[in-house]
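This is what each chain is made of:
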Amino acid sequence: MNAVTMTDCRKPFAETLIELAHADPRIVAVCNDSVGSSNLGEFQNLFPDRLVNVGIAEQNMVGVGAGLANAGLIPFVCGASPFITGRALEQVKVDVAYNNSHVVLCGMSPGFAYGELGATHHSIEDLAWLRAIDGLDVVVPADARQTAAAVRWAAANSGPAFLRISRTPVPELQEREDKEFKPGASETLLIGLDATIIATGTMVWRAVEAARQLGDEGISVGVINMASIAPMDEVAVVRAARATPLLVTVEESVPRGGLGGAVAEIVAHHAPVEMRMLGTDTFAPTGSVEELTRHFGLDAESIAATIRAARVR
Amino acid sequence: MNSRERARLTRTHVLRTISGAGLGHVGGDFSVTDILAVLYSDVLRFDSENPDWPERDRFVLSKGHAAVSFYTTLAMSGYFGLDELTSFAAEGSMLNGHPARAKVPGVETSTGPLGHGLPVAVGMAIGAQIRGEQWRTFVVTGDGELQEGSNWEAAMLAGHRSLGNLTLIVDRNRLQQGARTEETNALDPLDAKFEAFGWQAVEIDGHDHELLRRVLSRSHYKPLVIIANTIKGRGVSFMEDLAVWHHKVPSPEQVDAALAEIGPSS
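Taken in order, these protein sequences are the chains called A and B. So the first sequence is numbered by our numbering: it starts at 670 and just counts up by one. So the second sequence is numbered by our numbering: it starts at 286 and just counts up by one.
For the record, the hints were derived by calculation from the structure and aren't laboratory data. Heads up, none of these hints are tricks.
Computed Cβ-Cβ distance ranges for the label pairs, DEER-style: (1) A:E759 - B:H445: 22 to 28 Å; (2) B:S502 - A:K680: 47 to 53 Å; (3) B:Q419 - A:S827: 25 to 31 Å; (4) B:M286 - A:H691: 47 to 53 Å; (5) A:N826 - B:S447: 29 to 35 Å.
Remember, it's a predicted structure, so these values are computed and weren't measured experimentally. The beta carbon of each residue, even a glycine, is placed where N, CA and C say it ideally should be.
Work the whole structure out from these sequences, hints included.
Following this line, the structure appears as C-alpha cells:
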C-alpha cells in the first residue's frame, strides 16, 4: 500500500456529528473530560450549550445520556472505550439497553489503541461484554467512510447503539462503495476458495493485505468486513463456512465472546468448520500499537502465517 | 380524592398485592407512600392518556424495590387499571418486581439496581435546560442507596450546573436491607453533604402531606434535596421501623390485622 492515506476515524466521527448537529438541534454530545480524546473540540466551539461534560464520572455520564434521551434529545455519549464500557457497564445495561433508550455510546480508542499506556487503558473485553446485552447494537467501523455512515445511521436509528471508534489510523477500503450502514449486514471485500477471513475494525485492512500476500502464493482467501458485531450477519458467516474449509476471525479484542466467539456460535449451529481465532488473548505486554499488533499475531504477515500453517496441518 | 385518602388506599392495595404475589418490599413501600401520594395528587404535571407528552414533569423512583407503591400510584393516576395490580410478579405480567420503562406506562426509567435514578434524573433536568422547556424533574431515592457512588457523581454535576429544575426527595427511613444506615455506613449529616455539593437542603417529616406539598411547590435556583424523615413500614404498628419488614411478606392474619389499622379498602 504505497502513498495510502491513513485516517484516525475520530476525525470522520466528529465531522459527521457536527454535520448532523447543524441539521438537527436534538443532537447533543456527552463526555467525561474527554473533549480532546473524543475529538469534540470543534463540536464544543460550535455548540457549547449542547456539549455536556460531566467530568471524570462514567457511571453518571451514561445515566445522564439516558436522561437526555428521555428529554427528547439524541445524545452521543463519548469516552475512552475501557471506561465507558467497563466502568459503566450496569448503566449501559439498565439505563440504555433495558430502557431501549436512543443513546449512542461511543467507545473511543478501543482495543490496544492506547499502546504503551498499558492494559488498564486497553479495551479488549468490550465486545464480549456488550454483545451479551440484549437489544444493544454493537458496531465497529473499519474505515473513515464506514465511520461516517455508522454515525449517520446511529442518529437516525431509534434504539441503543455502541460505536467503537479507533484512533489507530486505517486506510480506506478501496473495494467498498460509499453506502449506508446497515446493522446485521456485512461486506464481502474479497471472495476466496481456500479460506475466509472475517475481520472487524482496524483489522480489516490488515486482513485484506494478508489475503493479497497469500494470493501471490496461489492461496485463495476471502475477506469479510464484519462491522456489525451485534446483530451479526449470520447468512454471510454460514455462506463462508460452506464455501471455504477454514474461517479465520481477526479482531482487536478478546476472541472469547468477541467476534471469534460470535462466529463460532453461528458455525457450531449451522455449518461446523475449522476455525482460527486471532485476537488479544491476554493482557498486553508493554509496547506500541504496531508492536502489540505483531505480538498478538494480528499484522498481515502473521495472519497469513496462521492461514498457511492451518492449511499444512 | 385528597392525598391523605389516596395514601391510605395505596397502603391497602400494597398489602393485598404483596400478599397475593408472595413477594415485595412492604417496608419501603410504606415509607414512600405519602411522598408518592402528594407528588401525584398535587405536584406533578402529567397526562396518563399520553404518557410521553413532551412537556410532562419527569418522575423517577430510584428505589425501584418500592415498585408496588409506585404501580399502585400509577394505576390510581390512570396509567392502567387497578385490576392490573393482581398480576404483579405473575408470569408474563408487565409488573416486574422492579419497574421497567419498556413495559409499564408512566415509568420514565428502569430502576432496581440502586444508584441509577439520580444520574438519569440529572440528565433529564439538563435536557430540559438545553431544550429551553419549563417542565421539572423529581426523583426519589432511598437513604441506604446513597451509599452508591454514582449518586455523588450526579449530585456534584447537578450542583455544578445549578439545576433549579431538579428536586430530589430522600426517603430517609434510616433502615437499609440488613440494618440501620448509621450502623452500616453512616449518611449523616446528609443536608451538609448536599449543601457542600451545591444543593439547597431542607429536612421535613416525610409523612406530613401539608409540608410535603409546600416544599415540593417551592421554586428554587439550585437543585433542591428534601430529606424526608420517614418510618419504614409506616401505617402498620407492627411493621414500623423494623428492618425485617424490608421484604418480609405478611401472613394472611397479618394482612387482616394491618388492614384493620389502615381502614376500609374503598
